[in-house]
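Student: Protein sequence lines correspond, in order, to chains A, B, C and D. With the numbering used here applied, the first sequence has no gaps in its numbers, which climb one by one up to 489 at the end. With the numbering used here applied, the second sequence has no gaps in its numbers, which climb one by one up to 489 at the end. With the numbering used here applied, the third sequence has no gaps in its numbers, which climb one by one up to 489 at the end. With the numbering used here applied, the fourth sequence has no gaps in its numbers, which climb one by one up to 489 at the end.
Honestly, I wouldn't trust all of these hints.
Where chains are identical, the list cannot tell them apart; a pair therefore holds if satisfied intra-copy or between any two copies.
[Unchecked claim] Once the Cα atoms are required to be at most 20 Å apart in a straight line, the calculated DMTMM-like pairs of lysine to aspartate or glutamate come out as:
| no. | residue 1 | residue 2 |
| --- | --- | --- |
| 1 | K200 | E172 |
| 2 | K56 | E263 |
| 3 | K56 | E467 |
| 4 | K188 | D121 |
| 5 | K432 | E467 |
| 6 | K372 | D414 |
| 7 | K126 | D65 |
| 8 | K387 | E464 |
| 9 | K188 | D316 |
| 10 | K466 | E480 |
| 11 | K372 | D478 |
| 12 | K369 | D75 |
| 13 | K481 | D433 |
| 14 | K372 | D75 |
| 15 | K432 | D456 |
Don't read these hints as lab results, they were simulated from the structure.
There are 4 protein chains.
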Amino acid sequence: MTLAYKDQILTHEKIFRDPIHNDIQVQHQVILDLINSKEFQRLRRIKQLGTTSFTFHGAEHSRFAHSLGVYEISRQICDIFDRKYSIQNDPENGWNDNERLVTLCAALLHDVGHGPYSHTFEGIFNTNHEAITIQIITSPETEVFKILADVSPDFPEKVASVIRKDYPNPQVVQMISSQIDADRMDYLLRDAYYTGTRYGTFDLARILQVIRPHKHGIVFEASGMHAVEDYIVSRYQMYMQIYFHPVSRGMEVILNRLLHRAADLYKLDPTYYDNQMTLLIPFFNETYSLNDYLRLDDGVLNTYFTLWLDDSDAILSDLAKRFLYRKPLKSIQIQDLANQELCLKLTSLIEKIGFNPDYYTAQNTSSDLPYDFYRPDQDHPRTQIELINKDGSLRELSKSSALVAALTGQINRDARFFFPKEMKEHRETTNLFQADLEKFTTLLKTT
Amino acid sequence: MTLAYKDQILTHEKIFRDPIHNDIQVQHQVILDLINSKEFQRLRRIKQLGTTSFTFHGAEHSRFAHSLGVYEISRQICDIFDRKYSIQNDPENGWNDNERLVTLCAALLHDVGHGPYSHTFEGIFNTNHEAITIQIITSPETEVFKILADVSPDFPEKVASVIRKDYPNPQVVQMISSQIDADRMDYLLRDAYYTGTRYGTFDLARILQVIRPHKHGIVFEASGMHAVEDYIVSRYQMYMQIYFHPVSRGMEVILNRLLHRAADLYKLDPTYYDNQMTLLIPFFNETYSLNDYLRLDDGVLNTYFTLWLDDSDAILSDLAKRFLYRKPLKSIQIQDLANQELCLKLTSLIEKIGFNPDYYTAQNTSSDLPYDFYRPDQDHPRTQIELINKDGSLRELSKSSALVAALTGQINRDARFFFPKEMKEHRETTNLFQADLEKFTTLLKTT
Amino acid sequence: MTLAYKDQILTHEKIFRDPIHNDIQVQHQVILDLINSKEFQRLRRIKQLGTTSFTFHGAEHSRFAHSLGVYEISRQICDIFDRKYSIQNDPENGWNDNERLVTLCAALLHDVGHGPYSHTFEGIFNTNHEAITIQIITSPETEVFKILADVSPDFPEKVASVIRKDYPNPQVVQMISSQIDADRMDYLLRDAYYTGTRYGTFDLARILQVIRPHKHGIVFEASGMHAVEDYIVSRYQMYMQIYFHPVSRGMEVILNRLLHRAADLYKLDPTYYDNQMTLLIPFFNETYSLNDYLRLDDGVLNTYFTLWLDDSDAILSDLAKRFLYRKPLKSIQIQDLANQELCLKLTSLIEKIGFNPDYYTAQNTSSDLPYDFYRPDQDHPRTQIELINKDGSLRELSKSSALVAALTGQINRDARFFFPKEMKEHRETTNLFQADLEKFTTLLKTT
Amino acid sequence: MTLAYKDQILTHEKIFRDPIHNDIQVQHQVILDLINSKEFQRLRRIKQLGTTSFTFHGAEHSRFAHSLGVYEISRQICDIFDRKYSIQNDPENGWNDNERLVTLCAALLHDVGHGPYSHTFEGIFNTNHEAITIQIITSPETEVFKILADVSPDFPEKVASVIRKDYPNPQVVQMISSQIDADRMDYLLRDAYYTGTRYGTFDLARILQVIRPHKHGIVFEASGMHAVEDYIVSRYQMYMQIYFHPVSRGMEVILNRLLHRAADLYKLDPTYYDNQMTLLIPFFNETYSLNDYLRLDDGVLNTYFTLWLDDSDAILSDLAKRFLYRKPLKSIQIQDLANQELCLKLTSLIEKIGFNPDYYTAQNTSSDLPYDFYRPDQDHPRTQIELINKDGSLRELSKSSALVAALTGQINRDARFFFPKEMKEHRETTNLFQADLEKFTTLLKTT
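Whenever a hint applies, use it, and build me the whole structure from the sequences.
Tutor: See the structure below:
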């Protein structure tokens, strides 16, 4: 008698050596098949942090590695829940290990819809990586779907619902998506390791000691409060120090302008650019299929940028050069109305010097809400982090931690105005523009 | 009065945060300009370890990061030499700090000629990354050349001669190229960190304590013997465990076959493939310029492979699929004549099943000589590692270390025969070939 | 001509291999001689964290190791100040490297007056490790004094004044004693490493990049704000998680009671205990000399405790057993008046069961102020941490950091009532007291 | 119904935070009771590496921490064996989890008989830590015995037989004592961490992946050969670099001479020294009981040394000073007969200068056999390390590894002659002896 596909356990577990988790252990044939699917393998060619590696050159890790890491943390949590808090022993709050496979599949696949430089790309081409993740999981043409459907006909939809957060078991949903989930825990540790900074480091081992299933989702023993607090603080610091870094954003802005310019040129003369952007055309035309999307990766975009280096359009080739050879736009912080006026003045000087401001300036705001408690009146209220006392009562995290309280509900925002570095570097310019440049510099000093 | 370009020191040193060296410190304007050159920035898009990341998914680091690391180790050695062993104090064996800039430039640029998947690519298109490195440094059209020539007209040639190992000062040459040089020290530590293995770890801090300039090159205080020994052992272990890994080579073989197939098809019908391989055509035609070479990177190759997925040639599209979706060829070790006969038998069975053996089999040998002493009768005798005693006498390393002696002059070789994994996986095949597959499996068991 | 003692630099710098700083580099003969002095060597026999190793068994490191670490951080700061901010280049705010030796000596010796289990010991015997530190530095009978006086007759007094914080140069004083000094930076990193927790980890390398001398002391470039913030947060977490740990304090309370009991018994019958506490007698008599003090270490106290195991006094031998065999008192948090009443009730039950509450109960409060700005109206106003903007203006840290602001001026306090664990463990007691124990347990539940 | 004592599992597992293993997990009440026994707690006061911390100041960790670590590695191996290789699935080679408790107890207690500075102490007082370990486990007066006997009357003897290596199940014996056992694996990692060197680092996670039970004991999958090889090499390097360090041995020699002098003086006048060495007297008289032994620890010895500082015997007080204030004897390597003659000459000069050579010189040899295969003709043949191939055949390690082969059967020896550093330092001596000192120095140069 052969086992059902979902129950097939590898005779030798498959080990992926990983710098963060040491060993990532794959035990199910289903998981191994998903990893080997073409949609998942594609994640090897998409950097986890996009333009951040222009600032932190070590951060060249892929979404493939992160996805394996999210899987591994989820697997460890399932093991802990099953060993310590099985539903057999605690029918009210315990963990039902039948949820393991759907959890692991959702953990592994939660980012499978990401494309190259997602944030920028989505802004321009109106794609959405979350919607595409669901599509990859539920569309009959994908390998991922076929594997999931082999588990049971309704299994793809179940995995999708975990990612959509409408799966009925809140323990499963919160393990994958909440303010302290396997996704965030992996990316903080991984991004810290690969950037070579230490801010993202927190005590995962301690958190795994105090994590517990609960009928309302996932909670943490109160004795582990400081480990959870440290995780929130680490996350906040990674945003402030790494993810918001103005140089990475100076590159992101160039990428945005470059793709915009290409789209604009394509609209003017579709035939001319045909062979210089084959794989992008469905997106310029807004007629792309899932298959078109799955052909894109960081290297594909970069390859077209390389071809555009020699393009006859001066703006296209200049922006391509700035992106490929890392010439970020410079920036200043802008925060209030006074600055808005300043931006206008600066923009007009930039134009005067000869830069088309549509392609050489930008306002760009990074923002993050490090933590919030549940606010039922909001559109997307957050699941708050709950500590559980010895008597079983729950206490929301910020009530126990002065540090978390200081961050709760406080959106951190970094608004910046971006402009060509030529505006600050006099040496390459002629006397003709000297006065304008000096005026620009003087204006900067007022900020 | 302005300083000469070579003497321009940055008012704020530029820091590159690095996971291996913590901070990489750039102090010279020349070095910063080289890093910002387009030829150097291109190294961001070329993985240090090629197909190894298919086995160790964390090892996605670039040659850019490694090159910065080699620079940093060299910079630290220069600092140590200048502080502790200046030629002012020791005219016979001391370090002349006027050599610093040429050393740092050579360290930074030693790999600047690498292209995508160098080993495979060079085998097929007859390019040579070392020759191209020299070309980038000495060709008037490159940004690198212009920067170096701004130091002094003969400076590019000086940097090139360090890399060619014919620079007169052996201290400089050996810091960049010897059996224990800044290059190897960085890649062992970096590859260990990024793969998540620990074999490559050795005690760099201790080696930097005992490293010394000498009129004949670079030597190490005898008291630090065990640190040097450990470095040699670590290097050996990295080769055996990481660099020789059969799965990475199973991917390398596919890459090789894929590029061969493309070249073969192009020869048959150049016009058909024009738009599907634009940037590769100069290489198919063997008419490439330096500029053509500098447009290539990992992403460019992968992009063409993506386009080839839909090619009408079944072999081209199948091999592209195997490469992009990571379906490595399987392998067995082969070592002697008996195995050669076996290979023939296996090849004939593979052909019988329907695979063209020109594209679906390969013999591939990895080999490394972990260490050797100077053998004057050889074509390229190695500079041996010398320990220096308190009385100033020198002693070759393997004479002091039983471990190193065990590795000295012993070439490690791993010869393998590669074949499609379908030959071992019965489930997907029809009964028609079952007998052949079983015969194949039986033959494998005899190895 | 021989060099003055203060200028004698070791021909080979002496390296102390250290897990935190990798290499501790000693360059001055003066420093090496101080390390080899008997007063400094004695620190090897005094644990840095006292009873904390009863909770975190890895934390067995000595004050010797920590003192070397403070020296090393100070040395690195001197190097950075001298290289980047020399007074030659910046007469207003720069660093005068003539201050190096006094700084390094003060760094090395700042804790040389610590005795065994300082906090407890000082409470009982009215000693003071800071006063004794000054005494060791300035008393003609010590080796430390002789070495310092060899530098110049007024040098011991100069070193002492740095430690007393009345040395005229605020850069020197603040490097050793401020809210972000070499002392704190070393102990956080070291205690985190040895306990095996990660809370104390912060980015020392980054802090050393942004630290700067200033005419008013030491400041940090504003761009490094998050590294300084992270240090404050790490320090806070170490206090909450490690230094305040109730089990370590349950051992500290036993130590306190044990020494009290010995003192009480000695007063009753000095002759009886003569040979069982030889080295402690000067302290019982309050007639101790510096030399008496310098003979004490952790092992001396423990040795007397071992001898007391067989003492005829039941309380003395029982408390010695509890300390040597790690039987901490249990505790509950107490915070307000209601709890004070509770303590009285609990104490009376403890007495009823048969424990003398003078020796078996305690109230113990740990408290810490993580950070504060300068409050001129206070008795000991704190030197606040200043960030320096590019234009040279200063900004107090909590104004830039929400996290630090949340901690500023907020004293963290953990007040506890300690009692024998027998009060919670019924199994070892007879029925006679069962009712009292149950009452005790019931009272605990009300907290 | 209450569970048998051996089956009592803690409702919350007890966690010991450990820098090497992160968390040490205690699940059995028996193990927790053993840890809390007075014989085991005593290990907190005995340094793992004795005089090594005089060379590597970070290495102040105790035998308590190491013993917990050996327990933890054994626990992890039991978990792996039970999960992957249960005897239910493999009756021939599998692991019987009923062996778990005896294994864990033996792992925890394998060093419980160690005393202060064991190697030196045993040489002088004819004690033996292995015999005492067995005694602690099997003597009715100890707490350890009582706990073990509560499991079952024959359980103490079973645990003892594991440590004596005559327990019938070779899997259990080899996990605790073999050439690659939990003991060695923990101490290499721990000593590397605490010394701050990296030589002892090997890939424990990989070894735990490939370790397997076998009817003849414990074997390792051949695919993990390089991890096992790396462990052997690491062990070799730790011996050469750390454990053999001549400065630590220069302190060990002083300790030896000091205890000898005390014994000699006691024999001359037992009454005089009574109160100055109370706890040592049973050992001077060779009448010690187990209880006498259990009162000793590092601090007790150091306390007597402190008292001896003021002794009227000049040699006793001088040696005590040298030990407490770290004034190691210097040494030279001696290897052959020529050196023996040299030692005689040096000794006579040392005596001439005024040092009693019985107390101020020594010959001391450190030796280690890094690995050997089974040699049935030897007195204590070693259990060789076996690799297991996929077909189940075994292959002895050195047959697969050139590095291990180079170390196999090769005893490493470092023989040294120790003498007072005054013999090399002219400055403190009078002209009277100048000629002798110069002769001494000249003789040293001939070595």
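Student: All hints, please: hold or fail.
Tutor: Cross-check of the supplied hints:
{"no.": "1", "hint": "K200 with E172", "verdict": "within (16 Å within a copy, 54 Å between copies)"}
{"no.": "2", "hint": "K56 with E263", "verdict": "between (32 Å within a copy, 15 Å between copies)"}
{"no.": "3", "hint": "K56 with E467", "verdict": "between (55 Å within a copy, 17 Å between copies)"}
{"no.": "4", "hint": "K188 with D121", "verdict": "neither (27 Å within a copy, 35 Å between copies)"}
{"no.": "5", "hint": "K432 with E467", "verdict": "between (63 Å within a copy, 18 Å between copies)"}
{"no.": "6", "hint": "K372 with D414", "verdict": "neither (33 Å within a copy, 36 Å between copies)"}
{"no.": "7", "hint": "K126 with D65", "verdict": "between (22 Å within a copy, 16 Å between copies)"}
{"no.": "8", "hint": "K387 with E464", "verdict": "within (17 Å within a copy, 67 Å between copies)"}
{"no.": "9", "hint": "K188 with D316", "verdict": "neither (34 Å within a copy, 35 Å between copies)"}
{"no.": "10", "hint": "K466 with E480", "verdict": "within (8 Å within a copy, 70 Å between copies)"}
{"no.": "11", "hint": "K372 with D478", "verdict": "within (17 Å within a copy, 65 Å between copies)"}
{"no.": "12", "hint": "K369 with D75", "verdict": "between (41 Å within a copy, 12 Å between copies)"}
{"no.": "13", "hint": "K481 with D433", "verdict": "between (67 Å within a copy, 19 Å between copies)"}
{"no.": "14", "hint": "K372 with D75", "verdict": "between (45 Å within a copy, 18 Å between copies)"}
{"no.": "15", "hint": "K432 with D456", "verdict": "between (41 Å within a copy, 19 Å between copies)"}
Consistency with the previously given hints fails for numbers 4, 6 and 9, ordered from lowest to highest.
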